[in-house]
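> Now for the letters of each chain:
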Amino acid sequence: MQYSQKVLDHFMKPHNVGEIKDADAVATEGSPACGDQVTVYLKINKDTKIIEDIKFKSYGCASNIATGSMITDMAMGKSIDEALKITWRDAMEELDGLPPTKAHCSVLAADTLHEAIKNYQIEHGIREVADFSKETIVAELKHIIYPQVGEDIVTLKMVKYVGFNAGVAIIDIEIPSFDKYRDNVAEEIREHLAKYSQITDLQINM
Amino acid sequence: MEQKRIYLDNCVTTKPDPQIFEVMKEYWENEYWFPATFFTAGEEINSKLDNFKATLGKTINAKPDEIHFTRGGTSANNIAIKGILMANSQKGTHIICSVVDYPDILTNYAFFEKSGFTVTYLQPDEDGVVSAQKLKDAIRPDTILFSTTWVNHVVGTIQPVDEYAKVLQEADHRVFLHVDAGQAYGKFPMDMNHTGIDTMSVSAHKIHGPQGVGFLYKRTKTPLAQVVHGVNRVDNLETGGMNIGSLAGFAKAAELTFADLAATTKKLRDSSNYLLERIMNEIPDVELNGAAGEGRACHNINVSIDYIEGEAMGMMLDLNGVTAATGSACASQGLKPSYVLMAMGRNHMQSHGSMKFTVSKFTTKEELDFTVDKLKEIVIELRRRSPLYQEKKDK
Numbered sequence: 001m002q003y004s005q006k007v008l009d010h011f012m013k014p015h016n017v018g019e020i021k022d023a024d025a026v027a028t029e030g031s032p033a034c035g036d037q038v039t040v041y042l043k044i045n046k047d048t049k050i051i052e053d054i055k056f057k058s059y060g061c062a063s064n065i066a067t068g069s070m071i072t073d074m075a076m077g078k079s080i081d082e083a084l085k086i087t088w089r090d091a092m093e094e095l096d097g098l099p100p101t102k103a104h105c106s107v108l109a110a111d112t113l114h115e116a117i118k119n120y121q122i123e124h125g126i127r128e129v130a131d132f133s134k135e136t137i138v139a140e141l142k143h144i145i146y147p148q149v150g151e152d153i154v155t156l157k158m159v160k161y162v163g164f165n166a167g168v169a170i171i172d173i174e175i176p177s178f179d180k181y182r183d184n185v186a187e188e189i190r191e192h193l194a195k196y197s198q199i200t201d202l203q204i205n206m
Numbered sequence: 207m208e209q210k211r212i213y214l215d216n217c218v219t220t221k222p223d224p225q226i227f228e229v230m231k232e233y234w235e236n237e238y239w240f241p242a243t244f245f246t247a248g249e250e251i252n253s254k255l256d257n258f259k260a261t262l263g264k265t266i267n268a269k270p271d272e273i274h275f276t277r278g279g280t281s282a283n284n285i286a287i288k289g290i291l292m293a294n295s296q297k298g299t300h301i302i303c304s305v306v307d308y309p310d311i312l313t314n315y316a317f318f319e320k321s322g323f324t325v326t327y328l329q330p331d332e333d334g335v336v337s338a339q340k341l342k343d344a345i346r347p348d349t350i351l352f353s354t355t356w357v358n359h360v361v362g363t364i365q366p367v368d369e370y371a372k373v374l375q376e377a378d379h380r381v382f383l384h385v386d387a388g389q390a391y392g393k394f395p396m397d398m399n400h401t402g403i404d405t406m407s408v409s410a411h412k413i414h415g416p417q418g419v420g421f422l423y424k425r426t427k428t429p430l431a432q433v434v435h436g437v438n439r440v441d442n443l444e445t446g447g448m449n450i451g452s453l454a455g456f457a458k459a460a461e462l463t464f465a466d467l468a469a470t471t472k473k474l475r476d477s478s479n480y481l482l483e484r485i486m487n488e489i490p491d492v493e494l495n496g497a498a499g500e501g502r503a504c505h506n507i508n509v510s511i512d513y514i515e516g517e518a519m520g521m522m523l524d525l526n527g528v529t530a531a532t533g534s535a536c537a538s539q540g541l542k543p544s545y546v547l548m549a550m551g552r553n554h555m556q557s558h559g560s561m562k563f564t565v566s567k568f569t570t571k572e573e574l575d576f577t578v579d580k581l582k583e584i585v586i587e588l589r590r591r592s593p594l595y596q597e598k599k600d601k
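Protein sequence lines, in the order shown, are assigned to chains A and B.
Quick note: the first sequence, position 73, residue 73 per this note's numbering, numbers continuous.
Quick note: the second sequence, position 50, residue 256 per this note's numbering, numbers continuous.
If we strip away everything but chain A, and leave its shape as in the complex, we get (with noise of 0.2 Å):
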């Protein structure tokens, strides 16, 4: 068995399923198309800025739903600003490792907890909508997981050029042709950038 038990624990019995119908913040990360999906709901507390209540829903594989649970666990009770100290990294070492093929399972749920917490700052005039630059873009690709050995395509140094201009994006990554994860890579590429409107050509070379 690739998954740890803990994995396993709470792949079969998962904390926090469900839904808050009033909830203070939600985002939804994912998509049917990449095989994974995972919403988050959130209640904080409007003076203490602590999460009272969360859940989840999750549309993906045993480790989508194990990571989670796991995060959801982590994040209850803290505050949004502690909440969002919470890494991709601290969910995996959580659950006792993950499979390297699955380590963008654990980056979804911290992405997806990060950004419910963002949209409520957003919305309640703690952040700023960031600026959209060729940072942003590199940002994005922190979050891009290579499965050969579950760490991200730019710690990796497969990111090899990244610019930004009038709306085209040009992003040049390292990679084999005969790489059995080029497309995947790709595809998680143009996945995660679909969302910013400010990119109306992208442009991925391998």
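Derived from the structure by calculation, the hints contain no laboratory data.
Remember, predicted model here, so these are calculated numbers, not experimental data.
There's no promise every hint is true.
[As the list claims (entries may be wrong)] Some but not every residue of chain A turned toward chain B, in silico, with C-beta under 8 Å: (1) E19; (2) K21; (3) T28; (4) P32; (5) A33; (6) Q37; (7) G60; (8) C61; (9) P147; (10) P176; (11) S177; (12) F178; (13) K180; (14) D183; (15) N184.
[Said to hold, decoys possible] Simulated pairs of lysine-lysine, BS3-like, Cα-Cα distance not exceeding 27 Å: (16) B:K472 with A:K195; (17) B:K472 with B:K210; (18) A:K43 with B:K601; (19) A:K134 with A:K195; (20) B:K598 with A:K13; (21) A:K142 with B:K542; (22) A:K180 with B:K288; (23) A:K21 with B:K598; (24) A:K142 with A:K157.
Don't be surprised by glycine CBs; every beta carbon is placed ideally from N, CA and C.
Assemble chain B onto chain A, guided by the hints.
Same frame as chain A, now just chain B:
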């Protein structure tokens, strides 16, 4: 007592029939020699191998010398495709297959494409059928080979091989026909005397024989270049030593399968129909993938279960002691959804949410009942967790 594992992934491999072990044991314990024509020991093995060839040949109405032992189905596919192309490349370099073929064919074709061959990949219809008309339209003056997967390895759809043969026979020049019969052998009658098949690959472990051996049927007059070089011990196409005991087990397994093929396949058909019926009647929002009824192989059921993901379903079944397969990207090597289902026009959700159950002669009704009962619980639970199912309910 621990529950016995329910194995419903019989298109990958099957449980060896206990009757083959006695036969095989003799070759491992006593008659462990390789064939030869001079010494007694080798001669004996020679004549045994001839008997195995006769037994296997009879199952498809082929001559014994048209049966070439190989180290499995993949080896047979390699020997045939590479052998035909290397023997005929001076006549043309255009080859045809379909996008839904077995990886053995697709990877061989990709190799030749890189080496300068031109490939036409035919598209299937929504049931996974590749029509003979599409083949006819794709043939060019330089076409030398068409390869097909008789029974699709994912959805079980049976391809119209007789119609392909007719199209190729009517072509104005020689186009060879190679068939991967990994999923087809032992699932319906085959008569090599009445097909235009040039080469066909068969694997022993798909019919309750041992793993690691198979055969290549090669029509007597079909020329093949030798692609596996070395000493000719057992076969001139698959050179080197080979597991003789396993070949004996293969012949025995074939004998058992074909002793009453109609009864064998009826049992498989009844089992898979029963499973399909229960799934379709008792689980909402499910679609059958592949051809219905007689258009699909008797052992294969492939369904898409909407709003949930296949790896999670497969994992829950696994933890409940049931082995089945899924076309989900999360369970694949390259993290891609099933290329077969996508080519048939299934959407991402249907491909990620596909489950394949393949039965064998050892599958019992109790096992199928247990599987469906568990699957029903799993689907309800995973849909409770699914945001896509939530969206559907909210609509």
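> Evaluate each hint against the coordinates.
Each hint tested on the structure:
A distance limit of 8 Å between C-beta atoms decides the matter here; for E19 (chain A) the minimum to chain B is near 7 Å, and the interface restraint holds. Interface hint at K21 (chain A): violated, since its Cβ lies 11 Å from the closest Cβ of chain B, which is beyond the 8 Å cut-off. Against a cut-off of 8 Å between C-beta atoms, the interface hint on T28 (chain A) holds, since the closest Cβ of chain B lies about 7 Å away. Because the closest C-beta pair between P32 (chain A) and chain B is about 4 Å apart, less than 8 Å, the hint holds.
A least Cβ separation of about 4 Å between A33 (chain A) and chain B falls short of the 8 Å threshold, and the interface hint therefore holds. Because the smallest distance between the Cβ of Q37 (chain A) and any Cβ of chain B comes to about 6 Å, under 8 Å, the interface hint for this residue holds. Among the interface hints, the one on G60 (chain A) holds; its C-beta lies about 5 Å from the nearest C-beta in chain B, closer than the 8 Å criterion. With a cut of 8 Å, the hint placing C61 (chain A) at the interface with chain B holds, because the nearest CB-to-CB distance is about 4 Å.
Proximity of P147 (chain A) to chain B holds as hinted, the smallest CB-CB distance being about 6 Å (cut-off 8 Å). Using the Cβ-Cβ criterion of 8 Å, the hint placing P176 (chain A) at the interface with chain B is not satisfied: the shortest such distance is roughly 13 Å. With a cut of 8 Å, the hint placing S177 (chain A) at the interface with chain B is violated, because the nearest CB-to-CB distance is about 10 Å. The interface hint given for F178 (chain A) is violated, since its Cβ lies 10 Å from the closest Cβ of chain B, which is over the 8 Å cut-off.
Residue-level restraint check for K180 (chain A) holds (minimum Cβ-Cβ distance to chain B is 4 Å; threshold 8 Å). With 8 Å as the threshold, the beta carbon of D183 (chain A) comes within range of chain B, its nearest partner Cβ sitting at about 6 Å, so the hint holds. With 8 Å as the threshold, the beta carbon of N184 (chain A) comes within range of chain B, its nearest partner Cβ sitting at about 4 Å, so the hint holds. Between K472 (chain B) and K195 (chain A) the CA atoms are separated by roughly 53 Å; this puts the pair beyond 27 Å, and the hint is violated.
For the hint linking K472 (chain B) to K210 (chain B), the alpha-carbon distance of about 25 Å falls within 27 Å, and the restraint holds. Taking the CA atoms of K43 (chain A) and K601 (chain B), the gap is about 24 Å. The hint holds against a cut of 27 Å. Proposed proximity of K134 (chain A) and K195 (chain A) is supported: the alpha carbons are some 15 Å apart, at most 27 Å. For the proposed pair K598 (chain B) and K13 (chain A), the alpha carbon gap of about 24 Å is at most 27 Å, so the pair holds.
A distance of roughly 21 Å separates the Cα atoms of K142 (chain A) and K542 (chain B); the hinted pair therefore holds under the 27 Å criterion. Proximity of K180 (chain A) to K288 (chain B) is assessed by CA-CA distance (about 23 Å); at most 27 Å being required, the pair is judged to hold. Distance check on the hinted pair: K21 (chain A) and K598 (chain B) sit about 16 Å apart at the alpha-carbon level, within 27 Å; holds. Using a Cα cut-off of 27 Å, the hinted pair K142 (chain A) and K157 (chain A) holds, with the two alpha carbons roughly 10 Å apart.
Of the numbered hints given earlier, the model fails hints 2, 10, 11, 12 and 16; all others are met.
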